Amino acid sequence: MVRLLKRAGIPATLLVSAPAATGADVAARAGGHGLSVAIFLCVILATVGITAWAARRTNTREDLYAAGGGIGGVKNGLALAGDYMSAAAFLGISSMIYSVGFDGLAYAVGFVVGWPIIMFLIAERLRRLGRFTFTDVLGYRLSEKPVRILGASSSLVTIAFYLIAQMVGAGQLVRLLFGLPYEVAIVLVGVLMTAYVAFGGMLATTWVQIVKAVLLLGGASTMALLVLARFGFSYDALIDSAVGIHKAGDAILTAGPMLKDPLNAISLGIALMFGTAGLPHILMRFFTVNNVFEARKSIVIAVSLFALFVVLIFTIGYGAVTLLPGDARYVGAEGVVGGNNMVAMHVADAVGGSAFMGFMAAVAFATILAVVAGLTLSGATAISHDLYASVFRKDRTVERDELLIFKSATVGIGLVAIALGLLFKDQNVAFMVGLAFAIAASANFPVLLLAMSWRGLTTRGALVGGSVGLGSAVALTVAGPTVWVKTLGNAAPLFPLDSPAIVSMSLGFLGCWLASVTDRSARGDADRTGFDRMIGSASGPSSAR
Amino acid sequence: MKNQALSFLLSAGVCAAYFGLLAFASLYPEIAKSSAIGALPWSIVLAMSVIVLAVALTVLYVRFANAADARADASPGDAGRWFGY
Chain A
1 MVRLLKRAGI
11 PATLLVSAPA
21 ATGADVAARA
31 GGHGLSVAIF
41 LCVILATVGI
51 TAWAARRTNT
61 REDLYAAGGG
71 IGGVKNGLAL
81 AGDYMSAAAF
91 LGISSMIYSV
101 GFDGLAYAVG
111 FVVGWPIIMF
121 LIAERLRRLG
131 RFTFTDVLGY
141 RLSEKPVRIL
151 GASSSLVTIA
161 FYLIAQMVGA
171 GQLVRLLFGL
181 PYEVAIVLVG
191 VLMTAYVAFG
201 GMLATTWVQI
211 VKAVLLLGGA
221 STMALLVLAR
231 FGFSYDALID
241 SAVGIHKAGD
251 AILTAGPMLK
261 DPLNAISLGI
271 ALMFGTAGLP
281 HILMRFFTVN
291 NVFEARKSIV
301 IAVSLFALFV
311 VLIFTIGYGA
321 VTLLPGDARY
331 VGAEGVVGGN
341 NMVAMHVADA
351 VGGSAFMGFM
361 AAVAFATILA
371 VVAGLTLSGA
381 TAISHDLYAS
391 VFRKDRTVER
401 DELLIFKSAT
411 VGIGLVAIAL
421 GLLFKDQNVA
431 FMVGLAFAIA
441 ASANFPVLLL
451 AMSWRGLTTR
461 GALVGGSVGL
471 GSAVALTVAG
481 PTVWVKTLGN
491 AAPLFPLDSP
501 AIVSMSLGFL
511 GCWLASVTDR
521 SARGDADRTG
531 FDRMIGSASG
541 PSSAR
Chain B
1 MKNQALSFLL
11 SAGVCAAYFG
21 LLAFASLYPE
31 IAKSSAIGAL
41 PWSIVLAMSV
51 IVLAVALTVL
61 YVRFANAADA
71 RADASPGDAG
81 RWFGY
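Residue numbers (our numbering), protein chains in the order written: chain A, 1 to 545; chain B, 1 to 85.
Just so you know, the hints here were simulated from the structure itself, not pulled from any lab data. All figures in this text were calculated on a predicted structure; none of them were measured in a lab. Among these hints, one or two may not hold up.
According to the in silico footprint, chain B covers these stretches of chain A (three or more CB under 8 Å from chain B) [what the hints assert, rightly or not]:
(1) 80-87
(2) 259-267
(3) 301-307
Counterexamples of contact, computed for chain A against chain B with all Cβ distances above 12 Å [what the hints assert, rightly or not]:
(4) D63
(5) G110
(6) V214
(7) R393
(8) D426
(9) V483
One side of the interface only, derived from the structure: several residues of chain A facing chain B at Cβ under 10 Å [unchecked claim]:
(10) L105
(11) W115
(12) I270
Every residue, glycine too, gets a C-beta built ideally from N, C-alpha and C.
Could you put the whole structure together from the sequences, leaning on the hints where they help?
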């Protein structure tokens with residue numbers, strides 16, 4: 001492998017430090033191929049070029065946070081879909097379908113059905129009422145200082161958990177695919193994402209996301225077509241073959257381990273559906289379009305592309321069931337070579353050869369970069385806009401200072417992300433994405449939805465509901481089987497469900513309602529009146545910026 | 001606020017479809033894996049149907065909402081606007 005990598009032009013100092021032999025085999029096929037290294041470098045050069053181009057067009061707060069509001073609906077839809085088509089979704093769901101079949105598909109459908117919820121309940125009102133972040137909407141009618149602190153805090157906590165999972169995944173993936181040491185991969189990803197966001201702001205982040213979405217959809221479509229070609233373009237033949245080969249037989253066509261317990265399945269479904277509507281980096285994108293029409297159009301594009309993506313992953317996952325077993329290059333005595341997350345990469349190799357696998361590896365790297373950049377942008381905006389400009393420097397904000405704080409926050413988040421990526425090396429962090437969705441569904445979604453649609457919500461209700469949702473999501477995740485038993489090694493969980501959303505989101509709504517209806521304060525009355533004022537002042541034409 | 005009830009109704013419909021799929025696969029695994037169309041089982045057919053439903057409802061909603069708002073923007077006042085704000 002070392003010889004192959006050297007032949008491909010990778011410096012000896014960047015060669016893999018001590019990967020498992022199986023992982024080294026994967027790197028030899030992906031990273032060792034000259035084409036994949038060339039594409040890998042092209043991805044970095046292209047994204048840096050985009051950042052340089054965007055930096056020249058990013059001068060104001062509006063540019064930095066919302067790309068000047070000049071992103072069209074189609075482009076924003078591509079970027080939204082790109083935010084969701086993460087490496088975790090591409091590699092993780094195909095791996096899940098390969099391992100347990102239908103559970104993986106049901107999991108992926110949960111992501112799709114989150115989009116209509118955003119459309120019906122959140123997007124258009126958010127676009128009319130907000131400016132840069134979802135906490136703008138809360139500050140519109142509620143006491144600004146406390147709700148901004150609450151919104152920014154829950155945003156940062158959500159982003160932190162999401163970012164840790166992405167960084168650790170990035171380090172492991174780049175090590176496996178390109179043979180780079182884990183630490184080098186983490187620093188590389190951290191430096192690149194910081195550069196995109198600090199210099200190019202939302203414009204660079206959006207275009208990086210668009211490029212990656214096009215590459216990923218193109219690559220996955222090609223892979224799925226090549227898989228189907230093996231079966232005469234017949235899903236019947238594909239499914240028949242998968243059932244015949246998988247050790248679980250036709251059990252891969254129905255509820256597996258994840259769905260066996262209906263309550264657990266529905267709780268996870270709640271986190272996926274409603275968590276989408278509370279993720280700060282997704283919500284921020286609705287401020288990059290010119291008006292409500294474009295915001296709606298962008299959701300149509302996003303849900304259509306993500307639905308296509310799920311169908312492609314479904315094809316690739318069941319294709320993996322039929323194509324990988326029996327070939328020692330892909331499945332050894334200890335399971336999938338390089339780990340289960342390499343299933344999609346092995347399928348790329350099986351149907352398109354090592355050059356195609358190298359291409360998909362480079363696309364996976366671009367995917368990681370784009371997603372962590374979106375998260376970093378959202379976190380830095382929470383610090384500079386929600387906390388610094390709106391809470392600490394209220395009415396005394398100088399735009400130049402706010403931009404400086406944004407860039408400093410971006411660098412700070414980049415450094416923290418690198419540190420956390422190194423700290424959590426070799427830790428099981430898979431639960432953190434689920435936790436991020438549970439927090440978004442339990443803390444952000446109830447408060448945001450009620451602030452925009454229920455006159456009775458008061459500041460006290462928002463604070464109680466948001467805090468209870470945030471606290472219960474974290475506490476119940478820690479007490480659940482994934483962390484309490486599998487990570488901390490205890491005998492039995494304190495809370496029976498893997499995903500706490502069915503309880504924590506209900507507690508979030510209950511907290512908002514109970515603390516609001518019992519609020520007899522003058523502030524509560526002002527909050528209720530503020531709802532009428534909010535509707536009145538935001539009733540301009542839909543075509544208005 | 002016009003159409004807020006419709007928004008909640010549509011959201012409830014999407015929830016019912018998805019959670020119905022999860023409950024069906026979980027409670028009736030034998031039926032879920034039985035053949036629906038050729039070799040395709042009910043579980044996969046229903047999962048794909050939920051995806052199609054989610055996309056179709058979003059597209060229809062956006063068509064109606066954008067058409068209503070375009071009409072409202074073209075005439076004085078905000079009467080007829082999709083959400084009224």
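Hints versus structure:
no. : hint    : in the structure
1   : 80-87   : violated (count 0)
2   : 259-267 : holds (count 6)
3   : 301-307 : holds (count 3)
4   : D63     : 27 Å, holds
5   : G110    : 7 Å, violated
6   : V214    : 20 Å, holds
7   : R393    : 29 Å, holds
8   : D426    : 33 Å, holds
9   : V483    : 23 Å, holds
10  : L105    : 5 Å, holds
11  : W115    : 6 Å, holds
12  : I270    : 8 Å, holds
Violated hints, listed in ascending order, are 1 and 5; each of the other numbered hints is respected by the structure.
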